[in-house]
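*Asks:* Start from chain A and add chain B according to the hints.
Chains as they are written, first to last, in this note's numbering: chain A, 1 to 241; chain B, 1 to 428.
Hints are supplied without guarantee of correctness; some may be wrong.
Sample of chain B residues at the chain A side, in silico, Cβ under 8 Å [what the hints assert, rightly or not]:
hint, residue
1, Val127
2, Ile177
3, Gln179
4, Ala181
5, Gly184
6, Ile185
7, Val189
8, Thr361
9, Gly363
10, Phe381
Don't read these hints as lab results, they were simulated from the structure.
By construction, the Cβ of each residue, glycine as well, lies at the ideal position given by its N, Cα and C atoms.
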Amino acid sequence: MIVPFLVLALGMASEPEPTVEELLRGTDDLTRGSQSTGRAEMHVKTRRYERTVVMDMWSKGTDRTLVRIVSPARDAGITTLKVEDNLWNYLPRTDRTVRVPAGMMSGSWMGSHVTNDDLVNDSRLSEDYTYTVKERPEGDDGRWVIELSPTESAAVVWGKVVATLGADRLPREIRYYDGRDALVRTMTWSDVKDFGDRRIPSRFRVQPADQPEEFTEFRYLKLDFETPVPDRTFSLQSLKR
Amino acid sequence: MPILLIMAWRNLWRHGRRSLLTALAMALGMAMSMSIISMYDGMFGIMRTLMIDQLLGHVQITHSAFPTRRGLYDTLHHADELLSRLDALPQSRGAVARVHGQALLGTEHRSAGVRLVGVEPSRELAVTKVQDTVPSSLPGGVDPGRFLADEPAREIVIGYDLARDLRVALGDELVAITQDAYGGIGNEVYTIVGLTRSGDEAMDRAGAWLHFSDLQALLALDDQVHEVRILAASDAQDVVGGLLDALPGALPDGLIQDDDATAAISPWWDIDPMAAQMMEMRGIAQFMVLVVVFGLVALGVINTMLMSVLERTRELGVIKALGLRPRGIVWLVLYEALLLSLLAAGIGTLLGAGLIAYLMTIGIPMDVGEGEGIGFGGIVFPSRLYGGISVEAFVEPILGVVLSALLAALLPALRAARLHPVDAIRAE
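The following block holds chain A by itself, in its conformation from the complex:
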């Protein structure tokens, strides 16, 4: 669910009365689409450190993403490539491309509250969960509150997910619970902006439940769905570019 944010672009149909599936698909594909280019800022605050990372991002389809760190200087040039379930990091200082091993998938990505696994995990609210609608908006007022439980076959670590969407069908908040119904983390979206002809929330925040003073916040600085992104962007060769 973090992927949509990093993976940019979208594909929301504007039917008069959306089905719940459509709403969920819209959330899944919030920033997905045929292609996108953008720049984002990631602000991480933990008990130990606070830092801001600026990154350029490219994506194509649902499973190819390239993220290159622009600043701070210490990490500038570090590039992450995601192709399907695989994740590579290119480290310019040592000129090495490292595939993130299975044992490190649960580790933090660039010190944030987003794990490597979050980047490649392609579970979808619209496919891997069964839902019950708790609240529905009336006209332009109110909100959608949808409670989701993973299907038996879904490879999902959560016990329960509660998604809140605005009447505008854009996600506002998703709460993730573990198998014992304890809140693990909350994601919130805010600051809806127009990027080209699309309206999407430009801020996205991950809040771990057990560390109330910690968070990671992403903010789009630029987002462009028009410029063509060539396929070769997502190759191991282009990592070093």
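*Replies:* Showing chain B alone in chain A's frame:
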């Protein structure tokens, strides 16, 4: 009294061959225990060097969570000030600061999860024996290189076994990748300058040494360290105890900057209770060996002295009839045993000294293949073990042979003393 001593000496040589044989058996037992103590001195000397000088230090100062959690952030601040205060303590031989980390270390083709230890080489040289972990030679004529230079130069010294696993040699470059203190990906290239074979299995198989400034840079730790270890001025318990008492007063303010943590001052026996137990085992093991060896010696003495008393029953009766008190008889027999044991001690000391000299210079091969020694409790012994020398190695066996002979002679002596003169003279 002297007359009894002269009589005992003469009695000893009435069966010269028997006495000599017994003395020789006793001497052999003694020489054996001397060489066993010498080997213990050698082995436990190596263990002690490894454990205290290389592995543990006498006392470690850390963040209170570091010993169990070994976390990146469980650090000490103002280590420089702490070190200079420790240098001033009379109970301290010296102190070093170390940085610890974990990283993926390797080449394009192979890599392994490795424990990184950051040291300040110039300080370590004066205090620990970490430089000695790079041996002068390696099996198969492999050049072990050298330890890290005094100044940070992106050099790395890795375990010999790790080098084999990674298929790298001296001069090759290794890349370390880890998560730094700001959550970023710390990564750096280092040149291999040395291969270690320290006997510390964990470091030889999956460990590497870096200059501590290099490791601080890799981990983005600024000038923080994880551990300050102190070597006491001597191994003596009261010196280490005095050091432990003096340390709390030597800690600078702001050493620990976590609100929920304190500084932990841990003596080596708390850090590694198993090591402490192993060192204590020495006393027990040595005692058992002495008991067995001198138990056998005592049996030989009992036999000889019983024979000697039995065949002189009539003579003893005559002496008694002439007026020697039972106590005199006891002394006569004990003197004989004492002289026998002193003779044995003389021969045994010469024999044992020869054996110790052999063990100290030539040693015992303990090769379990490819120049590797036996491993035990995380320590790998060298492929050739050498004996040590100590006052104990002489004093304990000499005391052992004399005391066991006297103890063994007590029974025959009491028997002789209880003889009735008339019955004894009539006996045949």
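*Asks:* Decide, hint by hint, whether the structure agrees.
*Replies:* Here is how each hint holds up against the structure:
no. : hint   : verdict
1   : Val127 : violated (31 Å)
2   : Ile177 : holds (6 Å)
3   : Gln179 : holds (7 Å)
4   : Ala181 : holds (7 Å)
5   : Gly184 : holds (5 Å)
6   : Ile185 : holds (6 Å)
7   : Val189 : holds (5 Å)
8   : Thr361 : violated (49 Å)
9   : Gly363 : violated (44 Å)
10  : Phe381 : violated (33 Å)
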